[in-house]
Every structure is written in structure tokens, then in C-alpha cells.
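From first to last, the protein sequence lines stand for chains A and B.
For the first sequence, the working numbering assigns the number 552 to the initial residue and increments by one for each residue that follows.
For the second sequence, the working numbering assigns the number 8 to the initial residue and increments by one for each residue that follows.
I should point out that these hints are in silico values taken from the structure, not numbers from a laboratory.
Ideal Cβ placement from N, Cα and C applies to all residues, glycine included.
There may be inaccurate statements among the hints.
Said to hold, decoys possible - Label pairs and their in silico Cβ distance ranges: (1) B/S53 / A/G644: 56 to 64 Å; (2) A/T794 / B/F82: 32 to 40 Å; (3) B/A16 / A/D773: 22 to 30 Å; (4) B/S53 / A/T821: 33 to 41 Å; (5) B/I13 / A/L720: 22 to 30 Å; (6) A/F625 / B/S50: 17 to 25 Å; (7) B/V106 / A/P591: 18 to 26 Å; (8) B/L187 / A/T761: 30 to 38 Å; (9) B/D11 / A/T821: 34 to 42 Å; (10) B/A16 / A/G709: 55 to 63 Å; (11) B/A16 / A/A769: 21 to 29 Å.
These are the residues of each chain, in order.
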Amino acid sequence: MTTSLSAEATSTRPPTRQDRPPGRDRFAHPGRAVWPWLLPLGLLLALVLVYPVVEIVRLSFTDASLVSGEPYRFTLDTYRSLARGTDFQQTLGITFVFVLFSTVFQLLIGFAAALLVHGAERRGLRGTVVTRAVVMAAWAIPGVVIGVIWGLLYQETGSGILNHGLSLLGFSGQAPFLSDPDLALTSVIVANVWRGTAFSMILCYAGLKTIPDDVYEAARIDGARAHQILGRITVPLMLPILTTTLVLVVVETFNTFDMVLALTGGGPGTATQVLALGVYDELFNQLNLGRGAAMAVVLMALNVVMIALYLRLVERQEGVA
Amino acid sequence: MRGDRIGRAGYHLGQAVLVIAFAFPLAWVLSLSLKTGPETLQSPPSLLPESPQWGNYATVLENTPIGRYLVNSLFLVAVSVTGALLVAVPAAYGLSRFVFRGRRTYSRGVLAAQLVSPLIIAVPAYRLFVALGLVDSYVGLVLIYIAMIAPFLTWFLKTYLDTVPRALDEAAMIDGCSRLRTVVSVILPTIRPGLASAAILGGVTTWSQFAVPFILLDTRELFPVSVGVVNLQQTAGEITTQYLAAGSVLAVAPVIVLFVVFQRHIVGALTAGAVKG
Chain A
552 MTTSLSAEAT STRPPTRQDR PPGRDRFAHP GRAVWPWLLP LGLLLALVLV YPVVEIVRLS
612 FTDASLVSGE PYRFTLDTYR SLARGTDFQQ TLGITFVFVL FSTVFQLLIG FAAALLVHGA
672 ERRGLRGTVV TRAVVMAAWA IPGVVIGVIW GLLYQETGSG ILNHGLSLLG FSGQAPFLSD
732 PDLALTSVIV ANVWRGTAFS MILCYAGLKT IPDDVYEAAR IDGARAHQIL GRITVPLMLP
792 ILTTTLVLVV VETFNTFDMV LALTGGGPGT ATQVLALGVY DELFNQLNLG RGAAMAVVLM
852 ALNVVMIALY LRLVERQEGV A
Chain B
8 MRGDRIGRAG YHLGQAVLVI AFAFPLAWVL SLSLKTGPET LQSPPSLLPE SPQWGNYATV
68 LENTPIGRYL VNSLFLVAVS VTGALLVAVP AAYGLSRFVF RGRRTYSRGV LAAQLVSPLI
128 IAVPAYRLFV ALGLVDSYVG LVLIYIAMIA PFLTWFLKTY LDTVPRALDE AAMIDGCSRL
188 RTVVSVILPT IRPGLASAAI LGGVTTWSQF AVPFILLDTR ELFPVSVGVV NLQQTAGEIT
248 TQYLAAGSVL AVAPVIVLFV VFQRHIVGAL TAGAVKG
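With the rest of the complex left out, here is chain A (with noise of 0.2 Å):
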């Protein structure tokens, strides 16, 4: 990438007539004629975006209720009481489970599935198409229908294709998969990984196809196995590409709720009420704009402090490309 922020950062003069020809001034310095590029979509987002962010943020200090209207008085209670609350906490663990393990296991299974269809590729076997398309399908399902499928899947009676399995298995093929506390956030996690996969596949397999093949080439000539070109070659040259996934899958965890309320709607009890679920539960059965407000500045700040990261690594790998 040419136009990379961190040159037009060390340049803060910029450049006179005199430095360059004047057909390329005209277009590296616009002067006032590159706003009309850039307004419609800086308003739209100050307009949709900014605003709300402010607002909910605002809204937390507030005692109010979700029916509009009614008078409210600004408070810090909600945060006490956030602070107080054992479901609250509660809440917060299963989320810190729920992330890290559907995060690591999408990781580890995106990579290894990435490693597997860039390898078929590279020996020209046949099938990478299909096994590409059929991972990539189940990140293209609304979350919402994936926790149906699942349910469907986790049926508890005899018809249940998955107790069906276990029972094959050797297993009573009983199992409470969704009305166990312990079992239920297994169960979200398997859903979540399942659904969450193929997009950490998408971006290592890209990232595999910008290794050249000549430093396989050179690696394998100086002898090294197949396990060692993975640990000194393959992962190193990764790193950015993994860790930029891992963010933008953390963030994508802690915010997603739309499969869980389908597949167990957050219960049995609260077991399975994800932070992001817990926001729309307190919001919209509880009507507790105020405290719901706040912990979605709770859910917001982990966000920003994931988008700072984003930020950070996107643009050290601009000013590196």
C-alpha cells in the first residue's frame, strides 16, 4: 500500500508548487474538493453512530425507564448497582467463558481448516471447492436460524439426532443438552464455534495464499519436517493475520446474542445469558432503560478497548505493506 498513514503522519508541511509537478498536486492536495467525497458517509455515521453512543452513555446515568416520556433524574446507582449485583458478576463470567473458549476454538479450528484446504490446494487435490464452500455457508446463516438448527439438533427426547448419536456411541443418550446449567453453556459454545468458524477460516486462508511459495521451497530443501515449517515459518508469518482475527472475532463474540436468545433464550435460568443478552433482557423485559444503558457502556467499553487494538494493528500492517 502506497498511501500509507504513517508516511502522510512524519509529513505534517505540506508539500508547496515548487515539489512536485503540478498535475500530481492537483490530486494529492484536493484542497476543499475532497469533502464532497467524504461527507455523505462521515454525516451518515455521526448521524447513526455517534449519536446513539452518546446518547446510551448518557441514558446510564439516568434512572429511566423504556416506556418514553416519563421524567427521569440522572443517578449513579445503576453503576452501583451493576457493581453490587451478583447476577451482574454472574453475567460476566459467562461471558468471559463463552468468549474465550468460542474464540479459541474458532481460532484453532479456523487455522487448521485453513492450513487443510491451502495445503489440498497446493498439492492440486480435488475438493477444496466444496469443503470452502460448505464451511463458509454456515457464516453466511442469520444467527438467529442457527440457534433453531441447533435446537433442532439438540432435541433432549429420543428423536434427538444427537442424543441418537451418543447413544450409538455407547452413551445413555440422554444427555440434558440444553436444560443442564453446566451442560447448556457447553452447548451455546459448540453452536457458537460452529457458526463462528468459517469466517477465522476465510481470513488464514488468505493470509496462507500471501506466503510465497518459494520459502516452503527453501525450507523444505534445508530439510526441515512438516511440523517444524508450521512452528518457524507458517505460524510467525501469520501472526498479524491471527491476531487481527482474534480481535475481530472477541469483539464479534461479545456482541452477538441473536443465536443464544434462539437456542436457549439465555436459560436455563440465567446459565447461558450472555452480556449482550443480558443488555436486551434488562432493556426490554425488565424496561430498565438506565441500568440497561449501563451495561451497554460495560459491553461498549470492551468494545473499545478491542477497537483500539484493531486500530493499532491495522495500521502498523499498513505501514509496513
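With chain A held as given, fit chain B onto it using these hints.
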């Protein structure tokens, strides 16, 4: 040579495992959707329906608004993707072609906007729309959809435009084209594959949106298919397994077809947007 043969077998085996793991849930739902009511309750379950009940689909289309939901989703996708491209193309061009003060801030804003949670947007938007009487209106919904997909499309198209030589713009402008004319009649045709990828990705993302329409729409007739499916599921007392399965198949079929047909574009789009930065 022997090692190589084992290696090849390993690759085939690995791919087979992946395909089964990812295709099986969908295949199972497809199978359920073609069973009779008693068959879905049968224990142990049979893998395939005894005789495929294609009538289940007719029943679902007749007795639930799922057809309506599909049409709504298609409409929302078409309008949102068009709208998003209308703001994303100029912004991408500006970012790719001009050096200006505030460029860094602007690109950071665009990148950060990709990661704002729909839930956080939806709640204040709901209050605002109640006040403005926009609940149940597609106008507000489409604006939010556009704002949610445009940042990603902008970034993707910007990286795409970076690969198009500036000499092309310069030549057109020396020939007397205005900049707008240059973009419309020279640049846009050049980046048509990029536009196609962007449109497909924006379409898939819009199709999957759930939080925003779920919160902003009250009237059933206006639901997109994602919200509609939850609605079907919540009336599970009335709807039996095979119909729920058929509804799910109908809800995913369009996206899967699109995805399989345009797979190449989609891989390219995702990777350009997220990896190259």
C-alpha cells in the same frame, strides 16, 4: 512417495471430516423438513424421511408469513446495499486518491465504526424513533443498515481502488473529464468486480441482521426473515418440528445459494477488507 500418499490421504480425510461437521446440521434440518409429524417424533430417529413431504413447504408458505418475511428481507437488502454503495464509493475514492488534513482521523472513524455493536445503536435509535414516530418504518431501519455496512464496504473499496493506477484518473482528466465524470465513466467500470464483492458481502450481512429489526419493528408483516424465524419458533406450540425446519431451510436457502455461486468474490472481499487493512 509413500509418505506423500499418506499425506494425501490425510488431506482427504481432514476435508471429509470438515465437510461432514459443517454440512450435517444443515442436512439434518433439510431431512426433518421433509418428514411427517410422527416421523419427527420417532425414537430412534431415522436419517432420511420415508417419503419426502414436499407439501410441508407449501403448508409453511401458506400458513405462516414466511414468504412475506423473505420478500421483506430481499427488499431491505436491495435498498440497503444500494444506499451503502452510494455513500461508500465516494468515501473510498476520497480516501484512496486524496491526501488531506484529517485523513487519519477519518479512516480511524471508518475502521472503528465497523466494530460498533448493533445493540448499542438500536436502543437509542428506538427511543428516537418513538419520538419521531419512525417505529415500524423502513426509513430509519434502512439508514441504520446503511451505516452499519457502509464502513466495511468503504474500507474494502478503498483497498481495491488503491490497486487501480492513478494514471487512469489523470488521463481521463487531461482529456477534459471532470472528476465526477472520471469516477462514473472510467473508475466505476474498472472496479466492477470489487463492487460486486462489496454488494454480496453487504447483502449477506444485511440478511443476517437481527438486533436492529427485532427492536425497531413491532408489526409482524414488516419483519425480515431473521426476526420472522424467531417468531415462528416462539409460537412453537402451534408449529411442529417439520414446519419449523422447513421455515429454517427457506430462511437460509437464498443466502446459501448466493454464497455458493459467488464464493470466489466473497473470499476475495473478506480478505481484502480485513487482512490487507
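For each hint, the structure was consulted:
Taken as a hint, the range 56 to 64 Å is violated for the pair B/S53 and A/G644, whose Cβ atoms sit roughly 41 Å apart. Evaluation of the 32 to 40 Å hint for A/T794 and B/F82 yields a pass: the beta carbon distance comes to about 39 Å. Checking the proposed 22 to 30 Å range against B/A16 and A/D773 shows it holds: the Cβ atoms sit about 26 Å from each other. The beta-carbon spacing between B/S53 and A/T821, approximately 37 Å, falls within the hinted interval of 33 to 41 Å.
Look at B/I13 against A/L720: about 27 Å separates their beta carbons, and that is inside 22 to 30 Å. Between A/F625 and B/S50 the beta carbons are some 58 Å apart, a value that contradicts the proposed interval 17 to 25 Å. At roughly 20 Å, the beta-carbon separation of B/V106 and A/P591 lies within the given 18 to 26 Å, and the hint holds. For B/L187 paired with A/T761, a C-beta distance near 35 Å keeps the hint of 30 to 38 Å intact.
Separated by about 53 Å at the C-beta atoms, B/D11 and A/T821 break the suggested range of 34 to 42 Å. For B/A16 and A/G709, the Cβ-Cβ distance of about 37 Å falls outside the hinted range of 55 to 63 Å, so the restraint is violated. Taking the beta carbon of each, B/A16 and A/A769 are about 27 Å apart, inside 21 to 29 Å as hinted.
Hints 1, 6, 9, 10, counting from the list given before, are not met by this structure.
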